[in-house]
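K.L.:
Residues per chain are reported as follows:
Number of protein chains: 2
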Amino acid sequence: MAKIRLFTPGPVMIPDEVLLAAAQPLEHHRTQAYQNLLKEVTAGLQYVFQTSNPCITIAGSGTAGMEGALVSCARPGRKALICDAGKFGERWGKVCDAFGIERETYKIQWGHGAKAEKVAEYLAKDKSIGMVVVVYSETSTAAVSELEQIAKLTRDTDVLLITDAITAAGAIPLKTDEWGVDVVVTGSQKALMQPPGLAYAAISKKAQDVIQSVKPKAFYLSYKAYLKSLADNDAPYTPAITLVRSTHKALEMIKAEGIEKIWCRVSKLARATRAACEAIGLKVYAQDPVDSLTAVLTPEAVKVSTLRKTLQAKYGVHVADGQDELKGKVIRISHMGAVDEYETTGAIGALELTLKEMGHQFKLGAGLSAAQEVMAEG
Amino acid sequence: MAKIRLFTPGPVMIPDEVLLAAAQPLEHHRTQAYQNLLKEVTAGLQYVFQTSNPCITIAGSGTAGMEGALVSCARPGRKALICDAGKFGERWGKVCDAFGIERETYKIQWGHGAKAEKVAEYLAKDKSIGMVVVVYSETSTAAVSELEQIAKLTRDTDVLLITDAITAAGAIPLKTDEWGVDVVVTGSQKALMQPPGLAYAAISKKAQDVIQSVKPKAFYLSYKAYLKSLADNDAPYTPAITLVRSTHKALEMIKAEGIEKIWCRVSKLARATRAACEAIGLKVYAQDPVDSLTAVLTPEAVKVSTLRKTLQAKYGVHVADGQDELKGKVIRISHMGAVDEYETTGAIGALELTLKEMGHQFKLGAGLSAAQEVMAEG
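In the order they appear, the protein sequences are chains A and B.
At position 186 of the first sequence the residue is numbered 186 (this note's numbering), and the sequence of numbers has no breaks.
At position 49 of the second sequence the residue is numbered 49 (this note's numbering), and the sequence of numbers has no breaks.
Relax, there's no trap hidden among the hints.
Cut-off 27 Å, straight-line C-alpha distance, at most; resulting in silico cross-link-like pairs (DSS-like, lysine-lysine):
#, chain 1, residue 1, chain 2, residue 2
1, A, Lys79, A, Lys125
2, A, Lys87, B, Lys224
3, A, Lys175, A, Lys107
4, A, Lys224, B, Lys94
5, A, Lys115, A, Lys79
6, A, Lys94, B, Lys215
7, A, Lys228, B, Lys329
8, A, Lys327, B, Lys228
9, B, Lys363, B, Lys303
10, B, Lys228, A, Lys87
11, A, Lys127, A, Lys205
12, B, Lys39, A, Lys3
13, B, Lys107, A, Lys217
14, B, Lys87, A, Lys224
15, B, Lys217, A, Lys107
16, B, Lys228, B, Lys206
17, B, Lys327, B, Lys87
18, B, Lys94, A, Lys215
19, A, Lys115, A, Lys283
20, B, Lys94, A, Lys217
21, A, Lys215, A, Lys127
22, A, Lys228, B, Lys87
23, A, Lys107, B, Lys215
24, A, Lys268, A, Lys363
25, B, Lys205, B, Lys255
26, B, Lys314, B, Lys329
27, B, Lys327, B, Lys303
Facing chain B, a subset of chain A residues (Cβ under 7 Å, in silico):
#, residue
28, Leu19
29, Pro25
30, Glu27
31, Thr63
32, Gly197
33, Tyr237
Chain A side only, calculated, beta carbon under 8 Å to chain B, not exhaustive:
#, residue
34, Ile4
35, Thr8
36, Leu20
37, Ala22
38, Ala23
39, Leu26
40, Ser61
Simulated from the structure, these hints should not be mistaken for laboratory data.
Here the structure is a predicted model, which is why all the values come from computation and not from measurement.
Ideal Cβ positions, reconstructed from N, Cα and C, are used throughout, including at glycine.
Build the full structure now, drawing on both the sequences and the hints.
P.N.:
Listed below in structure tokens is the structure:
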């Protein structure tokens with residue numbers, strides 16, 4: 001048996017229906033059929049993001065989507081405040097630097113999320129800040145930021161709030177319109193449970209006005225072009241047609257389950273996994289843990305590379321290593337995509353068996369029992 | 001029956017095997033299995049481009065690939081010479097403008113290709129030109145440029161030759177190393193007969209040296225990052241895994257047929273189609289016709305939108321309208337992808353039946369007979 005069980009925080013497990021949707025005979029994108037498809041995709045994205053704002057679809061990774069947001073929303077003379085709580089926060093700072101976008105950096109200790117109180121201080125101190133960039137779920141540390149509270153600071157000002165929701169949208173509560181988040185970006189291969197290759201963004205009226213007013217250092221990733229085409233259910237450049245078809249199918253399945261129900265499912269799986277790991281002696285890394293994925297510190301005696309290799313080879317279970325300073329120190333387990341109690345129980349079982357084989361001391365079944373307690377809460 | 005026959009110049013008809021390759025269970029990209037896949041893909045691209053240069057794969061459209069080339073290769077103080085023979089030449093000029101890359105424009109009458117003689121004049125006149133940008137096959141006019149001859153002008157100088165081979169690579173003769181082309185860009189949905197969503201580029205040593213020496217206004221599309229990752233058969237950002245798997249299958253099929261044989265097949269289909277169209281009173285538009293697609297002027301009395309709609313509705317045959325100044329004046333018929341004599345005969349037959357129904361005067365079967373004469377040449 002060689003099943004692949006992706007508990008990596010992207011790509012994740014995706015429904016067969018979604019894969020097969022991409023294998024239908026290829027149609028052209030300048031047709032009524034494709035325009036209808038894109039129209040429904042846009043509506044589905046609006047549902048996931050909980051917004052009535054236009055939602056664009058870009059052929060590219062989540063990074064492409066975020067770069068597009070930053071370069072499209074950068075105003076001359078206005079800085080970006082980068083909330084940097086890990087590898088991805090750091091990356092958006094690098095994007096600013098590449099394009100000469102002046103920035104202030106709110107550097108956050110790894111494992112913590114961005115705090116509204118601190119963001120308020122930066123905004124009070126420096127009136128030239130024109131956009132706040134927050135990674136809602138920092139994938140490198142599995143920590144969550146105070147997005148809703150930060151939105152309260154920006155929503156009635158001319159400061160834009162740009163959110164990397166790449167491992168957040170479709171996994172943890174996100175109420176774009178109610179909270180007042182200006183640009184929300186995500187990618188296809190995370191909680192939207194599809195193959196990688198697409199980025200999506202929801203864009204508020206306030207952000208649209210800024211986008212229309214600036215001449216961005218951007219062409220392919222200029223949001224202006226996507227917004228213009230979207231009015232005709234079209235794309236400015238040839239879209240990744242088969243992947244968009246997967247999106248359509250995935251969004252249909254998300255709608256059928258219900259977004260709040262998905263948030264509850266993901267939260268339960270996260271709490272069960274955290275309880276299981278703590279019960280077998282693996283400490284949760286983040287002080288502000290996010291529910292879309294879990295990072296746990298591995299015991300000194302357990303080599304992460306061996307642990308991951310064994311999990312893959314014996315059980316088909318893929319988990320991620322840490323990144324940068326966490327490489328070899330944590331494993332990261334996703335709760336996004338087509339996973340439920342059944343899958344998560346299988347993964348925890350595999351983790352227990354592998355750790356036992358590697359000599360880690362704990363009571364076999366303790367993790368599973370702890371997980372069951374959480375799962376039984378209903 | 002509702003078969004879709006794509007004679008549009010991208011997306012094109014693609015083999016079922018290629019579609020189905022993308023529907024295999026999703027694997028993670030940071031695995032030996034994926035690295036092996038990418039390694040073979042890179043080798044396959046080298047074969048298509050006829051080069052030993054590194055070939056990168058980017059999640060994005062062909063435009064993304066071209067933008068990456070331009071911004072990655074732009075040197076301070078060195079202009080770009082844009083050979084503008086149609087909509088795509090014009091687009092690369094706009095990309096330069098968006099990023100503040102100074103440019104000279106060699107404006108070419110629509111229907112003609114870029115001529116080496118003229119490029120030589122520009123190069124002699126302006127020593128600050130640092131890169132020449134040539135659209136090998138201009139998709140908007142179906143005209144071909146003198147790429148091989150232009151390469152003779154740049155190959156022994158420090159000027160880079162950047163080629164949009166989006167509707168050329170894998171369709172018409174292209175000998176990257178023998179000719180000395182520095183950057184060759186193409187997209188997945190053209191002659192490489194896959195769904196849209198990927199761009200590829202072959203990058204010469206001369207171009208690599210420039211790329212390493214500049215600080216580009218680019219992040220996601222910076223070639224530097226892709227070259228660095230490619231050394232480990234990796235990608236800097238999450239790759240479009242399922243599409244890369246389609247690439248692998250398509251390249252395997254291209255290798256099996258043989259690239260020279262494909263060039264001959266495409267050329268024969270182009271010549272047959274041109275002969276057929278002329279035989280039924282549709283004049284070939286381009287003075288320098290390319291073989292990857294054909295643009296023909298439609299008779300005054302025939303409305304292009306009605307012609308296209310009828311071809312689709314009755315025969316499932318999709319052809320493209322003209323773009324910009326050619327909109328409503330030509331139809332464009334692709335010879336790229338999974339098409340052969342059988343398919344092309346079907347399309348010409350459908351065109352004849354539709355034109356006859358629309359009242360155009362010609363001898364039924366004249367187009368097919370003319371095509372047969374070319375196809376019989378062997």
